[in-house]
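J.: These are the residues of each chain, in order.
Protein chains: 2
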Amino acid sequence: MEKKFKINYPNSEKIYLRGTIHPDLRVGMRKINQLPTVDKSGARRENPPIIVYDTSGPYSDPDVVIDLNKGLDKLRLPWVEGREHTQLYYAKKGVITPEMEYVAIRENMNCKELGIDTYITPEFVREEIANGRAVIPANHRHPESEPMIIGTKFLVKINTNIGNSALGSDIEEEVEKAIWSCKWGGDTIMDLSTGKNIKETREWILRNSPVPVGTVPIYQAFEKVNGKVEELNWEVFKETLIEQCEQGVDYFTIHCGIRLKNIHLADSRLTGIVSRGGSIISKWCQIHNEESFLYAHFDDICDLCRRYDVALSLGDGLRPGSVHDANDAAQFAELDTMGELVERAWAKDVQVFIEGPGHVPLHKIRENMERQIEKCHGAPFYTLGPIVTDIAPAYDHITSAVGASVIGWLGTAMLCYVTPMEHLGLPDKNDVRTGVVTYKIAAHAADLAKGHPGAMVRDNALSKARYEFRWKDQFNLSLDPEKAEEYYRKSNNTDARFCTMCGPNFCAMRISQTLNDDCQL
Amino acid sequence: MEKKFKINYPNSEKIYLRGTIHPDLRVGMRKINQLPTVDKSGARRENPPIIVYDTSGPYSDPDVVIDLNKGLDKLRLPWVEGREHTQLYYAKKGVITPEMEYVAIRENMNCKELGIDTYITPEFVREEIANGRAVIPANHRHPESEPMIIGTKFLVKINTNIGNSALGSDIEEEVEKAIWSCKWGGDTIMDLSTGKNIKETREWILRNSPVPVGTVPIYQAFEKVNGKVEELNWEVFKETLIEQCEQGVDYFTIHCGIRLKNIHLADSRLTGIVSRGGSIISKWCQIHNEESFLYAHFDDICDLCRRYDVALSLGDGLRPGSVHDANDAAQFAELDTMGELVERAWAKDVQVFIEGPGHVPLHKIRENMERQIEKCHGAPFYTLGPIVTDIAPAYDHITSAVGASVIGWLGTAMLCYVTPMEHLGLPDKNDVRTGVVTYKIAAHAADLAKGHPGAMVRDNALSKARYEFRWKDQFNLSLDPEKAEEYYRKSNNTDARFCTMCGPNFCAMRISQTLNDDCQL
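Residue numbers (our numbering), protein chains in the order written: chain A, 75 to 595; chain B, 75 to 595.
Calculated from the structure, these hints are not laboratory results.
Check before you lean on any hint, since a few could be wrong.
[Said to hold, decoys possible] With a straight-line Cα cutoff of 30 Å, these simulated BS3-like cross-link-like pairs (lysine-lysine) come out:
| hint | chain 1 | residue 1 | chain 2 | residue 2 |
| --- | --- | --- | --- | --- |
| 1 | A | Lys114 | B | Lys335 |
| 2 | B | Lys503 | A | Lys557 |
| 3 | A | Lys438 | B | Lys186 |
| 4 | B | Lys335 | A | Lys438 |
Model the full assembly from the supplied sequences, consistent with the hints where possible.
T.: Right, dumping it as C-alpha cells:
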C-alpha cells in the first residue's frame, strides 16, 4: 500500500526551507536538478537547480513512511494546540503565525537567492490576511495540512473536485484521487461526495491530505433528510457543520447569498440554476416562502467557523450555466448579498472568499472581476473556469482554461479545475490528471501575467534547456514530465541535437546556434 | 478508397445556399437537425435546425463521388477562366466577385432568417478587401477550393499544418490528414513538407483540398540546393515560386521581413531564432553579408503573386521562441519592415497578411495586436498561438489556445493551430484532431467576444439541449460529437433525465426545472 502512494518526480529532490521568525518551520519544496550545458569544445557549464512550489507533501519525501491507516504526520499540531482564534484574528492583532511565515517562504520559492526582488514577506502575508484580501484555510483539526494562501497578490491556486456520487467510485479510489491531485499540483481538494459513506470517505481524505480540504455541507445535510428538500432545516445543517468542523474540513462552500426576493431573477434564463446547492436552497425558499436558513443563520455559521478557523467560501448558487446567462441580474444580485456577508464574516474574524462563475464569454470576464472586487471589498475570488464557449463538451477543460487564465490574470486567487468529463460524467484518474495540469497552466499563465516574483524562472530554465537540446531537462522542468517524454518517444528520436518536428536539416534552433559562429552550418 | 474519405456529421444535412448577385453560387453549409422538446404533459415543441459554417467541402455531400485520383470538382473554374487580376484589384475597382458574395453568404450563416442583425454583405466584403483589412486566398489555379475570407471583421479562421519531414509520414497519410483537418473545421491547410516528394505530395493535397493551401516555398528551395544555405539564391527561389503558383498554392509564407541590420538583435535572446525559414535566411544574410534575396526581390515576388492571385503571408522569421523573448527588439524591427512591405504589396494589388508569434505571456499580447495594426496598416494578422507559458510541453495546444483566444478577440484574423506534439515531434491523426478542435474553441471564443453576428446561436442551442437533457442534441451540436458521446457513455448512463455528474437526486438542472412548478420535486 505504501509504495503505491509514493510520489516521484524525475531528477528532483525534496528539500525543506527553514523559518526565521519560527525557526522550527520546515517548508517542503521540490528541487529540480539540471544537466550541464556542453558546448562544441566539450566544455561543461553547470545549470542551477530550479526550486519550485510543491503540493505533494510527505508523499514525495523518500524518508517518510506512508500508512494510509495512520494518516500523515500532524505537522501543525504544536502550532494549533490551545489555539482559540482564526488567522484573521491574529493578523489583525499584528501576530505573524507559523502558518503566515510558512506561506511566505513557500510563495517566494528562492527569489532571494536568485537576486529577484520580492514583496512577499511574513509581514506582507499578515497584512493581506488582516485586510481580508487573503485567506489561509487551515482548520485547527486538520493539522496534517501544509499551510497555503489564497489571495490576489500570491500565486494563483487551483482546486480539484473529487468525491463519489450515487453512480460511482469507492473510498480508496477517492483517497487515491486526492493524492493524485497533489502529485500534479492541486492546491486544495474539495470532497463533493454525495453517495454512501460520506463521513468515512471524508475522514480518510482528511487524514491523508497535505492540502486543505473543502466541502459543500448541504450535500451531506441533504442526504440526512433523504433528499427531501422541504425537510432541510437549520438544525440538520448545524449538526452537519459541527461534524465536519470536528473532522477538520478547512473550508465550507455555503450558498448563503441566495435571497428569496432574487430567485425569480433566474426565471428568464436559458439554463436556470445549475448549482446543486443553489437549486436545493432556491427550492427550499420557494417551498417555505421564507429566507433560507443559511442566510438567516449566517452569524451562527460564522460563530462555528471561528471556533475551528474554518474559512467560508460563499457559494454562487445563482451562477450562470451558459454563456447566454452570464453577468445577468440573478448572478449580480447574489454577488451583492455576498458583499454584505463578507463584512459580517470579517466582523467575527472569520476568513472568507467568494465563489464565481462558471460560464462567461471572454468580453464579459473583466466585469465579473471588477464587480467582485468592488462589491466584496477585496475578498479573494474563487472561480470555476469560466468556460468561454458552450459548444465543446469533452473539451471543457480547455474552454474553461481560457477563461481561468484571463480571470486569474485579472486577480482571481483560486481556480476550480474542470476536467474533460465536465457536463458528461465523473472524471477518472486520467481525467483528473488532465484537469489538474490544464489548470496549473492557467494559474501559471496568470502568475506570469501578474508578474509574480520568480514565476518566470521555470519558463526560462525550460526554454534554455529546449534551445540547448537538453531534452531530459525539458521534460523534468515541465508540468507533466511523463507525458512530455512519452510524446517525444513516439517520434522515435533519442536525444538528438535537432528538433524532432523539423528533422535534422531544417532545425531552426540548430541553424540559429550557428549564427555568428563561423558562417557555416 | 471513396468511402474512407467521406465525412459524416451526426443528424446533419449538407445544404447549399444560393447567391443573389451571382445566382449560380452554391454555398455549402451544414444543417444540424434537433429533436423536439417534450414537456411533462408529453407535448412536443420543435427545435429549429442550426445552420453552421462548414469546411468539409464535397466530402460531406452524400451525392458527390470522391475519387482522390481525379480530385474534387473545380467549382471556381467558370469564375477564374480568363481572369487576370487579384481579388484586391477587383475590390478596388468596385467589382463584387463571385468569391466575395460566396464568403458573405458563408460568414452570415443564416442570420437574416433568424432575425439577427448583420453587417456582412457582399459590398462590405468588397470594402474590407479593397482597404486591405481582409484577404481571400484563392489562386486561379486552385479552382477546387471554396472561397473563405481572412479579416478581423469576419469569423476567426484556423490553419492546420501538415506535411512530412525527413523523419516520417507518406503522401496518402498527408492527404488523409488534410481531409481530416477539413472534417474538424480547419479553414486552411499549410503543407510544410520538407522530405522527399514535396511536389507530388502538394499536388495530391491541392487537387483534393476544398480549403486554401499555403506553403513556405523556401523549404522546397532549400531542398533543391541540398540543404546548403549559402547556395540559395533568387533564381532557385523564383523557379520554386513559379512551380508552386502553377500548381495552385493559395498563399505563400515568405520571410522577407528579415533585414541584415536586424539579425544581431536576436543575439541577446534566450532562444535565438526559432523559425525555420527565419534561421535559413538569417544565416544566408550573414554568409553573404547582404540583404536577403527575399527582401531585395520583393517586388518581383509580388509580380508573380499578382499573376495567379496568390496571397502573401509575411513570415515572422524573428518571432520569439520563448515567453522570455516576447515583444523584443528583433521581433518588432521585423514587424516594422513588414509594414513597409505591406504597402508595396498593395501597390501591386497583391493580397497580404502578416504572421505573428509564437510565445507571448498574457500581459504582452495586446501590444502585439495594437502594434501590428498600426505598423501594418490594418492588414490581417495571422498568429501561431501564442503560447502563454513554456512549462507545459505535451499540453501546448492548451498553453497556446489561451493566447490564441485572447489575440483572436483583440482582432487577429487567423490562428495557426498547435497540437499536443508541439516541441516534441510530428502530430499523428489524433493529435491533428485535438489541435483543430482546440483551435476551433479559441476561434469561436474570440467570435463570441467580438460579437460576430449569429456566433452565439450554436452555444444557445447546445445550452438549451443540455438543460432539457436532450443528450443527443448536445452531442450533435458540439465541435466533436463523437468524443462528447464517447465520454458520456463512459459513465454508463443512457439518456437519463439527470446530469451524469451529480446523479439523480443531486441534479441541479432537474431541481431547477421544478422551480415555480408545484413546489414539489
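J.: Would you mind marking each hint as holding or not holding in the structure?
T.: Consistency of the hints with the structure:
no.	hint	result
1	A:Lys114 / B:Lys335	holds (27 Å)
2	B:Lys503 / A:Lys557	holds (18 Å)
3	A:Lys438 / B:Lys186	holds (26 Å)
4	B:Lys335 / A:Lys438	violated (44 Å)
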